[in-house]
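Chemist: Take the sequences, apply the hints, and build the full model.
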Amino acid sequence: MAFRWKNTLTENDVTPEALYLSRRQLMGGAAGLGLATLAGRAGAMEAGLEPNDWDDITSYNNFYEFGTGKSDPANNAHALTIDPWSVRIDGLVDKPGDYAFEDIMKAMSVEERIYRFRCVEAWSMVVPWNGFELADLLTMAGIQSGAKYVAFETLYRPEEMVGQKYAVLDWPYVEGLRLDEAMHPLTLMATGIYGRDIPKQNGAPLRLVVPWKYGFKSIKSIVRITLTDKEPPTSWNIANGREYGFYSNVNPKVDHPRWSQASERVIGGGLFARKQPTLMFNGYEEEVASLYAGMDLGTFF
Amino acid sequence: MLERVNSGLRRIPAWLLYVVLPLPAVWFLYLGLTGGLGAEPIKALEHKLGEFALQLLIAGLAVTPLRRHLGLNLIRFRRAIGLMAFLYVFLHLLTWLVLDVQVLSQIWADILKRPYITVGMAGFVLLVPLALTSNNFSVRKLGPRWRKLHKLTYGAVLLGAVHYVMLVKGFQLEPLIYLGVILGLLALRIEPKKLRRRFARQSAA
Ligand code: HEM
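Order-wise, the sequence lines are chains Y and U.
So for the first sequence, our numbering puts the first residue at 203; every next one is plus one.
So for the second sequence, our numbering puts the first residue at -5; every next one is plus one.
It is worth saying that the hints were derived from the structure and are not from the lab.
Quantities reported herein were computed from a predicted structural model and do not represent experimental measurements.
Note that the Cβ used here is the ideal one computed from N, Cα and C, for glycine as well.
Treat each hint with caution, since some may be false.
No farther apart than 35 Å at their CA atoms in a straight line, the calculated lysine-lysine pairs in the DSBU-like style are these [said to hold, decoys possible]: (1) Y:K350 - U:K163; (2) U:K163 - Y:K455; (3) U:K37 - U:K135.
Here are some chain U residues pointing at chain Y (derived, C-beta under 8 Å) [said to hold, decoys possible]: (4) E34; (5) P35; (6) L93; (7) K142; (8) F165.
Chain Y is nowhere near these chain U residues, computed Cβ spacing over 10 Å in every case [to be verified]: (9) V13; (10) A33; (11) R61; (12) W140; (13) G149; (14) V156; (15) M160; (16) G174.
Modeler: Have a look at this one:
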């Protein structure tokens, strides 16, 4: 069901276009035009949440399929072909098959969600996503009663994804959620940012966004979604199980073995940016804490 | 040919390095202040300084093998290279302290608790006495002990490279290449004859 979660709106929080466009873009004319259609967007944000500008969101990315440097994805992702694109939905579903991206988009209702995005590396952004609820997609495929988990897979195409030529991770990238996490109204399949199609470096044409988990859970450029009854393997957990758990919920009290998770640096603050405290479940405690009632979050990190 | 290179090099004053080598740091800082280091300039600056420090440390380590195996004489520049490497490690540390961590209580906790920081810090600590004794006075005063003391370089460079290997996520080649080059440069210093002699002495005893 779409529109199950609302950004807490306040009139004066609506971002004027000039605020979220960086100076560079405004000068870049053509780029600005594309966004003119957005001037009347109804999007608003939680009090105090100001989205990062387009340049930050699209130039500072972790997408190891295109290289391990933060600017590698923006430099290399142009090589990726995203049309045609289809997503194989299989496993414990009533209607398994290859779903063309256009058909998915026709069936889903896209809305805007302004979410905090917290990377496991202790930096964060605020991103105005456009997308649909994953729950709607799974419901469309028909969830069978035995399904308990959802597994996701990123495209594997080393000719176009130069980072896949190196064994940084065990390709293809895989991720997973518990079914209740996947069905949660906050869990989004993003297809756009700032009302534009999602750029390739951000995971075009469709990616997961789970705002209360570290960014690496939000798998990009998805080609396969499998409903299963077993906890699926996840890439970073395979690479280093001591550092990256299946849940990977944002939690200021559980440190990464190599650095503290108590605070984060919001991208865009320049050379003298201060850090700010990290919030439990990245600020979505009210919405999601009940999913983990009774679980020791230090053990199930 | 090599003669010509060596005599050409003799005409370059070593002090020039003290002028030229700090320039990248100024450039990095300028980039960081003007958006040239991307959306997150603090980490980018930290990385640029750390990487250049490691490259300078490797350059310093290469001087002896280059002379011994290729006849290229850069020994006059070694002190400047070493001191400039120390400058960059120091700036790298300073970036971490002032711009990155910020919180005083967390600095100490990180040094003790985060192995890659502990290792980097150990590398820095080893470099301090080397920087302090990189002057003619100390060389004279310490005599043969100076050479012994400066063998600490090997440890410091290794710690710097291991620090790099430890901090990357996933399996990445770059830090391993650095480590490999360093191990190679250290291996070139092993003199089989000396080793054999020492071994012979030990087994005779
Ligand atoms: C011998 C001394 C040292 C050397 C050669 C060195 C070298 C490096 C290199 C090459 C990098 C990675 C750069 C890149 O990714 O391109 C790095 C990163 C880093 N170093 Fe050092 N370093 C040294 C000492 C230290 C010390 C003393 C500290 C702090 C106490 C430190 C803290 C860091 C941090 C925080 C990072 C970035 C980690 C991240 O990506 O989050 N290093 N260093």
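Chemist: State for each hint whether it applies.
Modeler: Now the hints, each set against the structure:
no. : hint            : result
1   : Y:K350 - U:K163 : holds (30 Å)
2   : U:K163 - Y:K455 : holds (21 Å)
3   : U:K37 - U:K135  : violated (41 Å)
4   : E34             : holds (5 Å)
5   : P35             : holds (5 Å)
6   : L93             : holds (7 Å)
7   : K142            : violated (35 Å)
8   : F165            : holds (5 Å)
9   : V13             : holds (25 Å)
10  : A33             : violated (4 Å)
11  : R61             : holds (35 Å)
12  : W140            : holds (37 Å)
13  : G149            : holds (22 Å)
14  : V156            : holds (14 Å)
15  : M160            : violated (8 Å)
16  : G174            : holds (16 Å)
Hints 3, 7, 10, 15, counting from the list given before, are not met by this structure.
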